[in-house]
Amino acid sequence: MDNNKTREDVINHSPQNTEEGREELYLDALKRMAQQNADDGRYRLTGLYNLKAFFYVGSEMMVKNPDSRFGVIVMDISQFKAVNEFCGRKEGDRMLTFIADCFRHYEDDRPLTCACQVRADNFCLCTAFEDANELTEIAVDIRRKIDEFPFAYRVLPSFGICASDDNHASVSYLKDCATIAMQSIKGKFFAEYAVFDDDMRKKMLQEKQVENDIVAALKNGELTAYIQPKVNMHTGKIIGGEALVRWIHPERGLISPGVFIPVLEKNGFIINVDQYIWEQVFAFLGKMKQEGRPLLPISINVSRVHAYDKQLCDTLIQLSEKYDVPAEYTPLELTESAFLADETGMYQRMKILRDKSFKISMDDFGTGYSSMYMLKSQTMDEIKMDRIFILDLENEKSQIILKHATAMLLALGAKVIMEGVETEEQKRLVLECGCENAQGFLFYKPMPMEEFDALLRKQEQEQ
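Going by our numbering, the first residue of the sequence shown is number 311, and it counts up by one from there.
Derived from the structure by calculation, the hints contain no laboratory data. Just to be clear, a hint being listed does not mean it is correct.
Below are the DSS-like pairs computed for lysine-lysine, each with C-alpha atoms no more than 30 Å apart in a straight line [claimed, not checked]:
| hint | residue 1 | residue 2 |
| --- | --- | --- |
| 1 | K498 | K455 |
| 2 | K669 | K713 |
| 3 | K374 | K400 |
| 4 | K576 | K661 |
| 5 | K597 | K725 |
| 6 | K529 | K597 |
| 7 | K737 | K755 |
| 8 | K755 | K669 |
| 9 | K666 | K686 |
| 10 | K725 | K599 |
| 11 | K513 | K529 |
| 12 | K576 | K597 |
| 13 | K725 | K666 |
| 14 | K737 | K686 |
| 15 | K576 | K620 |
| 16 | K725 | K661 |
| 17 | K597 | K768 |
| 18 | K547 | K669 |
| 19 | K498 | K518 |
| 20 | K620 | K496 |
| 21 | K686 | K707 |
| 22 | K529 | K547 |
| 23 | K512 | K632 |
| 24 | K518 | K529 |
| 25 | K512 | K599 |
| 26 | K547 | K599 |
| 27 | K576 | K755 |
Cβ-Cβ distance ranges computed for the label pairs, FRET-style [stated by the list, open to error]:
| hint | residue 1 | residue 2 | range |
| --- | --- | --- | --- |
| 28 | K755 | H544 | 17 to 25 Å |
| 29 | E761 | L722 | 41 to 49 Å |
| 30 | G563 | E521 | 15 to 23 Å |
| 31 | I662 | K597 | 25 to 33 Å |
| 32 | E444 | K707 | 45 to 53 Å |
| 33 | Q493 | Y657 | 35 to 43 Å |
| 34 | D457 | P758 | 48 to 56 Å |
| 35 | F500 | L564 | 35 to 43 Å |
| 36 | K755 | R664 | 29 to 37 Å |
| 37 | R454 | E732 | 48 to 56 Å |
| 38 | P758 | K576 | 23 to 31 Å |
| 39 | K512 | E772 | 44 to 52 Å |
Predicted, not measured: the structure shown is a model, and the values here were computed from it. Note that beta-carbon positions come from the ideal geometry of N, C-alpha and C, so glycine has one too.
Based on the provided sequences and hints, a complete structural model is requested.
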């Protein structure tokens, strides 16, 4: 060593300490890490990378080719469990192996491409492209091969595609976007693929915003219960109400439930929000009882996510006891989807709650294909007929359907509520068809609990 050079001089001028040297070391480290994870991360059945290895390999591919644009294609089979149930596990594995070979074909023959089996029937491909149409051509080709595959059970693949606008997007981000696109068409027979676009991007950002803000919203009291009264159309008197959640954001104002409810159902947080609203309703009724005022039933909504909530019964029973509110004054409104999510479990929970004097209300009757079956299988104390029954009541057939549907529901011993009554003509025809009770903008819109309380006090004074 030159005696005139210090140790620091040697280090500072070594090849590894230059910008190029550091970049080379980084790439080498990334390559070794990717290779190690890739070698360890393959599915035994298909030999394709698992998701973790796919992210490593895809990231290395992108880093080493910064001038290339990359896209991701995801594919899922609708109701693949039925394949194993009807055809057997061996045949299901044969199908998965064939699909894996379709993806491997592009991995082997197309530059800068890697394939992945995310889970059983969910596959993914990352590839460089010059024209985004290349991605749709790959999806169409794989779909064609699957359709032509000799198999006893017809499978329905759905594809989602995301093409990067530049070289800064990560593999995981592209996959997430492609998955969102795929989910928009899953189960639609004639839709082969969907491409992630600006509308989906806006929706995704909106959902992320909801997820980020919802915890603070609960903590800060931004979520509150609104009540929409139910009325007897003969007398005009309020006979009850329905509790609805409203989000008053300090900066964005009133956020539509149509924006945030689907997001909360997707991530499971709707359970927390429902319980928050339930407690407000029980507290309101408990206060009325303490004041010696007559109670009217205020129904509370039970989301389909509660089909998997093992604490549902305990939560409602505890709230009834905590606020000393008889259970029959908080009917439980459920849609058909709540039962379809876990039919056996939900029926069992409803039986437990009915034994504790809770009433069961079917919301949106007439919109689901199995509503009639549910009426036969489950006792309903209240039926809320969907507004589709009165959208064209000038049609004689519509009037016949409404009249006989109302008669059938009343014969089953249920209290019938017509939803969405907005005009005097609708009110007249609904009354003529035998339905006395309604909910709709002709009478009242959803309102803060304080306004609902004021209406009840005025009605109490008039009686």
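Consistency of the hints with the structure:
no.	hint	in the structure
1	K498 - K455	holds, 18 Å
2	K669 - K713	holds, 25 Å
3	K374 - K400	violated, 40 Å
4	K576 - K661	holds, 26 Å
5	K597 - K725	holds, 26 Å
6	K529 - K597	holds, 23 Å
7	K737 - K755	holds, 16 Å
8	K755 - K669	holds, 24 Å
9	K666 - K686	holds, 21 Å
10	K725 - K599	holds, 24 Å
11	K513 - K529	holds, 25 Å
12	K576 - K597	violated, 34 Å
13	K725 - K666	holds, 19 Å
14	K737 - K686	holds, 29 Å
15	K576 - K620	holds, 18 Å
16	K725 - K661	holds, 19 Å
17	K597 - K768	holds, 17 Å
18	K547 - K669	holds, 21 Å
19	K498 - K518	holds, 26 Å
20	K620 - K496	holds, 29 Å
21	K686 - K707	holds, 25 Å
22	K529 - K547	violated, 36 Å
23	K512 - K632	violated, 43 Å
24	K518 - K529	holds, 18 Å
25	K512 - K599	violated, 46 Å
26	K547 - K599	holds, 20 Å
27	K576 - K755	holds, 27 Å
28	K755 - H544: 17 to 25 Å	holds, 21 Å
29	E761 - L722: 41 to 49 Å	violated, 34 Å
30	G563 - E521: 15 to 23 Å	holds, 19 Å
31	I662 - K597: 25 to 33 Å	holds, 27 Å
32	E444 - K707: 45 to 53 Å	holds, 51 Å
33	Q493 - Y657: 35 to 43 Å	violated, 29 Å
34	D457 - P758: 48 to 56 Å	holds, 55 Å
35	F500 - L564: 35 to 43 Å	holds, 38 Å
36	K755 - R664: 29 to 37 Å	holds, 31 Å
37	R454 - E732: 48 to 56 Å	holds, 49 Å
38	P758 - K576: 23 to 31 Å	holds, 28 Å
39	K512 - E772: 44 to 52 Å	holds, 49 Å
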